[in-house]
Each structure stands twice: as structure tokens, then as C-alpha cells.
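Once you've looked at the hints, dock chain B against the given chain A.
Respectively, the protein sequence lines represent chains A and B.
Numbered as in UniProt numbering, the first sequence ends at 187 without a single skipped number.
Numbered as in UniProt numbering, the second sequence ends at 189 without a single skipped number.
Everything labelled a hint here was simulated from the structure, so no lab data went into it.
A few of these clues could be false.
As the list claims (entries may be wrong) - Chain B regions said to be covered by chain A (calculated; three or more residues, Cβ under 8 Å):
| hint | stretch |
| --- | --- |
| 1 | 96–107 |
| 2 | 112–126 |
Said to hold, decoys possible - Short, incomplete list of chain B residues facing chain A, as computed with Cβ under 10 Å:
| hint | residue |
| --- | --- |
| 3 | Val-58 |
| 4 | Tyr-59 |
| 5 | Thr-60 |
| 6 | Lys-87 |
| 7 | Val-90 |
| 8 | Asp-91 |
Positions of the beta carbon are idealized from the N, C-alpha and C atoms, including for glycine.
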Amino acid sequence: MRPLTEQETQTLFAKLANYTGASLKNLITPLDDSPNADRYVFRLVRDRVYYVRLSIANLASNVARDNLLALGTCLGKFSKTGKFRLHITALPILAQHARYKVWVKSNGEMPFLYGGNIVKAHVGRWSEDCPEHQGVVVYSMNDTPLGFGVTARSTAEARRLDPTGIVCFRQADCGEYLRDEDTLFAG
Amino acid sequence: MAPTRTVKNKHAANGSGIKNSKAARGPQSDGIVKAKKPGSKPTPTSAKQLTKKKKRKVYTEKELGIPKLNMITPVGVEKPKGKKKGKVFVDDTESMNTILAIVQAEKEGQIESKMIKARQLEQIREARRIEAEKKYEERQTKLEETKEGLRKKRKRPRTGEDETDAVVKEASVTGSKAKKPKKKVAFAE
Chain A
1 MRPLTEQETQ TLFAKLANYT GASLKNLITP LDDSPNADRY VFRLVRDRVY YVRLSIANLA
61 SNVARDNLLA LGTCLGKFSK TGKFRLHITA LPILAQHARY KVWVKSNGEM PFLYGGNIVK
121 AHVGRWSEDC PEHQGVVVYS MNDTPLGFGV TARSTAEARR LDPTGIVCFR QADCGEYLRD
181 EDTLFAG
Chain B
1 MAPTRTVKNK HAANGSGIKN SKAARGPQSD GIVKAKKPGS KPTPTSAKQL TKKKKRKVYT
61 EKELGIPKLN MITPVGVEKP KGKKKGKVFV DDTESMNTIL AIVQAEKEGQ IESKMIKARQ
121 LEQIREARRI EAEKKYEERQ TKLEETKEGL RKKRKRPRTG EDETDAVVKE ASVTGSKAKK
181 PKKKVAFAE
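If we strip away everything but chain A, and leave its shape as in the complex, we get (with noise of 0.2 Å):
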């Protein structure tokens, strides 16, 4: 376990910047204004980045290295080319701080969850001005964050877009927690 270097944390930074906006950076404020306040931290183990309270993270050093499985909340990991991939685990993380969201129907919350992109069609509602390529959280029409993808289709195009016609294309879903249940926290 170990903290990221300066190349890693420009990666890392960059890969949520996509997903979220200027609040981002509350992500690392300490959590109150004593001098040696607790906060989070970014640590990695083996390939795997997880965000983690530090006198948490202080703790588990103490666990060999064998037997640390997991600490705070995984959020990805680095690919062997130095990429970073997001996991379905950083979810709430990036709802709380989603820039850009699209809503999706009932009856397009099945097909997302089994690993589909969505379609005009079943999106119920969409942030508007949002660009081409650009990252967005998945919601329920109650507010319930169901994954998150990439826009195929900035809003304004998508308006003209015929229902059958993919306006986001699907990241990660909550469904692979059951899907990926085998390589998601652990290989």
C-alpha cells in the first residue's frame, strides 16, 4: 500500500474530472480546520486506488500486504499501459459530485442494467447543454444512481435523434456487482 505518485494523481484527477465539477476538490478537504484534522486520502494497493480516511489508511498499514484485501472505497484501477479505469464502486462518489446527468425511464432501467447503452427513447430527462463524449452519472427517475456512461450525442443533436438511436454509451453499471462479483474486489 502506498500513495500515488504525481503522474498517477494527474490520471486519477483527470478520469473524475470527466464525471464531476468544481466540487471535485472537496474530495480532499480536510474534514475540519484543526491543524492535524482527519482526511481523505488516495492509496494504492497492487493496481487498485481507494479513497480511505487516513488515520484509516494508518491503520491498515499495519495489515501485511498479503492479507489487505481492500480499505475505504475502491475507485479503479491502473491499467498496465498507466490508464486508469473507474469502477462501478466509485458510484457515489460521482453522483455526489456529477456535473452532467441523464435520467432514465423505468422501462430503460432493465436494459441499462444488464449492460445496454441507452437510447433515446428511455431517457426521461437530460442535463442540458451537455457535449459530445462527454462523462455522464445514470439516475432512476427517483434520483437513483444506476451507473455511468459517455455521451454519444451532444443534447442538442440528440433532440433530433430518432428514438431507436444511442444518446450514452454505458461505463459502468450497477449490475456488475453480480456480473463482476468474481474480479470486482479482488484479481
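Okay, now just chain B, sitting in the frame of chain A:
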């Protein structure tokens, strides 16, 4: 060992007038060789040699920092001089904040440029659409006009030269029939 000299005339004295005699050339000596004091006077030739040797310092390739020829050095293998070994971690809030600010500014710029581009494209598309609509309208009105024109053209001759037209029509319909009697076939009784 002292250098040996051949003495041509041993007995020639200094003042004897014999030119090449040993006694006449050098200072007066009794034939006793004095031992030289060590280090009293260094010979000039040896000093020159020493200075030359100092100047000719041989540098190794490592000292000069010349890259080795015909060798491929992978990126990870060649370590920069005077740099600390290992990774540099970022764990303090300040540096994290700076990195985050840089990244966010970059993303913001990207999104902004995307939006501007999208808006421009949208404007162009809108202008094209309006132009196309206008053209379609024009074409439609032209078509209507020509249609109207054709209708009027058709109507005019009927109203103006109604009688002649009717005669011509009759003639065209019945003219040929009237001239030629129809052939009839009947069964023989």
C-alpha cells in the same frame, strides 16, 4: 656510470698551446671527480616532462558523460544524474490541490471548446436548414406559377376560339369516319 672520454693528449697542459686538449677546454681540475649533491639543481628536461604529463590527463568515458555508441539504452534503465532514486509520492493536501486545479482547468477548457464548437456547428446547420427551406419554398412557388400558367393557357383558347376549336375537334373525331364507309361483312344467305 660516468661517460668515458677518449683523451687525445694526456700530457697537454692548459697553457701548452695545444688546442683540443682536455686541460685547455674545461676548468682547471686536479682529475678528482666531485660527487654531485642530490636535488641541488633539477635538470630542465625532467621538469618539462613532468608538466607535459600533467596536461595529458586521460579522461574515461564515464567522466566525460559521452553516450556509448551503438547501444540501445531503454528509457527505464538510464538513470538521470543527480536525481534521487525511487518514486516521489504526493500525499500532502497542497500539492494534491494544485494538481487537481491544473487538471480541472484543463478539463474545463476542453469542455468549453467542445461547447463552442458544437454551438458553431449548430449555427451552421441552422443556417443551412433555413437556406434549404427557402429554396424549397421558391421552387414550390415557381412550380405553382407554372401550373397556373399552364392552366390559364389551356383555358384561354377554349374561351376565345370556342367555335373553331369545336369544329376542329368534330372534324378530328368524325372527319375520317365520314369519308370512309365502314366495311361490313355479312353471311351469305
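Here is how each hint holds up against the structure:
1. 96–107: Per the Cβ count (10), the hint holds.
2. 112–126: Result for this restraint: holds, n = 4.
3. Val-58: violated, 42 Å
4. Tyr-59: Since chain A brings no Cβ nearer than about 37 Å to B:Tyr-59, farther than 10 Å, the hint is violated.
5. Thr-60: The hint is violated - B:Thr-60 has no Cβ within 10 Å of chain A, the shortest such distance being about 35 Å.
6. Lys-87: With Cβ-Cβ at 5 Å, under 10 Å, it holds.
7. Val-90: holds, 5 Å
8. Asp-91: Holds, because the Cβ-Cβ distance from B:Asp-91 to chain A comes to roughly 4 Å (cut-off 10 Å).
The structure does not agree with the numbered hints 3, 4 and 5 stated previously, though it agrees with the rest.
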